[in-house]
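Sequences are here, hints too, so could you generate the full structure?
Quick mapping for you: the protein sequence lines, in order, are chains H and S.
Under the working numbering, the residue at position 88 of the first sequence is numbered 88, and the numbers go up by one with no gaps.
Under the working numbering, the residue at position 53 of the second sequence is numbered 53, and the numbers go up by one with no gaps.
Treat the hints with care, since some could be wrong.
So, partial list: chain S residues that the calculated Cβ filter (under 8 Å) puts toward chain H [what the hints assert, rightly or not]:
#	residue
1	Thr-6
2	Ile-13
3	Thr-21
4	Val-70
5	Lys-71
6	Leu-74
7	Val-91
8	Gly-117
Taking lysine to any residue pairs in the SDA-like style, the calculated list, with each CA pair at most 20 Å apart, reads [claimed, not checked]:
#	chain 1	residue 1	chain 2	residue 2
9	H	Lys-5	S	Leu-51
10	S	Lys-50	S	Ile-33
11	H	Lys-14	H	Lys-45
12	S	Lys-50	H	Met-81
13	H	Lys-5	S	Lys-52
14	S	Lys-73	H	Gly-120
15	S	Lys-34	S	Leu-51
16	H	Lys-30	S	Gly-95
17	H	Lys-30	S	Arg-92
18	S	Lys-50	H	Gly-52
19	S	Lys-73	S	Pro-61
20	H	Lys-116	S	Ala-19
21	H	Lys-30	S	Asp-83
22	H	Lys-30	S	Phe-96
23	S	Lys-73	H	Glu-74
24	H	Lys-5	S	Ile-55
25	S	Lys-73	H	Ser-114
26	H	Lys-14	H	Gly-63
27	S	Lys-115	H	Gly-28
28	H	Lys-14	H	Pro-67
29	H	Lys-4	H	Val-110
30	S	Lys-34	S	Ile-11
FYI, nobody ran anything at the bench for these hints, they're computed from the structure.
Glycine included, each C-beta is placed from N, C-alpha and C at the ideal position.
What follows is the residue order along each chain.
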Amino acid sequence: MSFKKIDHIGIVVKDLDAALATYDHNLGLKAAPGRGGEVPALGIKNAFVPVGESDLEFIQPLGTEGPVATFAAERGEGTFMLSLEVDDIEAEVERLRGLGARVGNPNNGVAFVSMKSTHGVNLQLVQRNR
Amino acid sequence: MSAGATHIDHIVISSNDSAATASLFAENLGIEIKRTMSRPGTRAHLEFAKLKEVILEFAGPGEVQPYDEVKAKLWGFVAAVEDIGAAIAAVRAAGFEAEEPHPAIQPGAVFATVKTGTHGVPFAFIEYNVLPVPEGS
Numbered sequence: 001m002s003f004k005k006i007d008h009i010g011i012v013v014k015d016l017d018a019a020l021a022t023y024d025h026n027l028g029l030k031a032a033p034g035r036g037g038e039v040p041a042l043g044i045k046n047a048f049v050p051v052g053e054s055d056l057e058f059i060q061p062l063g064t065e066g067p068v069a070t071f072a073a074e075r076g077e078g079t080f081m082l083s084l085e086v087d088d089i090e091a092e093v094e095r096l097r098g099l100g101a102r103v104g105n106p107n108n109g110v111a112f113v114s115m116k117s118t119h120g121v122n123l124q125l126v127q128r129n130r
Numbered sequence: 001m002s003a004g005a006t007h008i009d010h011i012v013i014s015s016n017d018s019a020a021t022a023s024l025f026a027e028n029l030g031i032e033i034k035r036t037m038s039r040p041g042t043r044a045h046l047e048f049a050k051l052k053e054v055i056l057e058f059a060g061p062g063e064v065q066p067y068d069e070v071k072a073k074l075w076g077f078v079a080a081v082e083d084i085g086a087a088i089a090a091v092r093a094a095g096f097e098a099e100e101p102h103p104a105i106q107p108g109a110v111f112a113t114v115k116t117g118t119h120g121v122p123f124a125f126i127e128y129n130v131l132p133v134p135e136g137s
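In C-alpha cells form, the structure reads like this:
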C-alpha cells in the first residue's frame, strides 16, 4: 500500500470563522497560522486545524457553484471528503487504476477517486512536498 | 479549559453493507482490512484498517437489509484525549451537549459522543487505558 497517512478530513461549513472559533473554544483545536485562505478558482476559502499527524480542513463555499457549494446547499454543514497522502501522485494514480479504481488525472498534486469506486465516499489523494 | 485532543483516533465510513464497502476499498485501493467485528448486541458489523496512527472504521448494520446498491459516506471521527472527563467538561462549559463517558468497544477504553457544537460533524472522544482489560482481549 502506498498511502502514507490520513492527510485531512474535509468539513464543509457555512461560516469559516465561526467554525474555527467553535472548534477552538469547545475542543481546544486551533487553526494553523499561514495555511489556507481564499481559493477563487475553487470558489472556497479554507483553513487547516492540526490534530496529531492529520488535519481538519474547514471549507466555506464563497458562491453557489462547485461541489462544496452543492454539498452545503443539499446537506448543510458536515464531513465532505477524506484525503490520503501519497508519496508520488502519478504513480499512485496508476497503481489504483491497475487495481480497477476510476481515478481522475492528477492536477497540482491532487487527484480524486471516482465515488463509483468507493460506494459514494468522496476520496482525494494528495502529494505534499512536491 | 480545553478538550485536549491529541490526535484523530479513528474515522468512520458508514455503509448499508460495511463488509462490501471494506472489501471494495481493499480491492480498488489496496487498503488492508486488519480486523472484523460483529458483536451480538451491538447490531453493527465493523471492519477496520489503519493508516499510520489513524484507524479507518467501516460501520454498518449487523444484519444487512436488501438493497439496490451499496451506499457509503464519510460519517465522522473520534478524537483521542488524555482526560475524557476534562474534555466533556470543557464541551459542556462551552454550552454544548455531550454524553456521559461509557465503556468503548475497544478494551480498556472509554468513549463519549459530543452531540452539539461540531458544525454538523458526528464527533466523539475516546480515552484509552482507563478500564481494566479482561484477559484474552
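How the hints compare with the structure:
no.: 1; hint: Thr-6; verdict: holds (6 Å)
no.: 2; hint: Ile-13; verdict: holds (6 Å)
no.: 3; hint: Thr-21; verdict: holds (5 Å)
no.: 4; hint: Val-70; verdict: holds (5 Å)
no.: 5; hint: Lys-71; verdict: holds (5 Å)
no.: 6; hint: Leu-74; verdict: holds (5 Å)
no.: 7; hint: Val-91; verdict: holds (5 Å)
no.: 8; hint: Gly-117; verdict: holds (5 Å)
no.: 9; hint: Lys-5/H - Leu-51/S; verdict: holds (5 Å)
no.: 10; hint: Lys-50/S - Ile-33/S; verdict: holds (8 Å)
no.: 11; hint: Lys-14/H - Lys-45/H; verdict: holds (11 Å)
no.: 12; hint: Lys-50/S - Met-81/H; verdict: holds (18 Å)
no.: 13; hint: Lys-5/H - Lys-52/S; verdict: holds (6 Å)
no.: 14; hint: Lys-73/S - Gly-120/H; verdict: holds (6 Å)
no.: 15; hint: Lys-34/S - Leu-51/S; verdict: holds (11 Å)
no.: 16; hint: Lys-30/H - Gly-95/S; verdict: holds (19 Å)
no.: 17; hint: Lys-30/H - Arg-92/S; verdict: holds (19 Å)
no.: 18; hint: Lys-50/S - Gly-52/H; verdict: holds (15 Å)
no.: 19; hint: Lys-73/S - Pro-61/S; verdict: holds (14 Å)
no.: 20; hint: Lys-116/H - Ala-19/S; verdict: holds (17 Å)
no.: 21; hint: Lys-30/H - Asp-83/S; verdict: holds (19 Å)
no.: 22; hint: Lys-30/H - Phe-96/S; verdict: holds (18 Å)
no.: 23; hint: Lys-73/S - Glu-74/H; verdict: holds (15 Å)
no.: 24; hint: Lys-5/H - Ile-55/S; verdict: holds (10 Å)
no.: 25; hint: Lys-73/S - Ser-114/H; verdict: holds (13 Å)
no.: 26; hint: Lys-14/H - Gly-63/H; verdict: holds (11 Å)
no.: 27; hint: Lys-115/S - Gly-28/H; verdict: holds (17 Å)
no.: 28; hint: Lys-14/H - Pro-67/H; verdict: holds (14 Å)
no.: 29; hint: Lys-4/H - Val-110/H; verdict: holds (14 Å)
no.: 30; hint: Lys-34/S - Ile-11/S; verdict: holds (15 Å)
Violation of the numbered hints given earlier is absent; every hint is satisfied by the structure.
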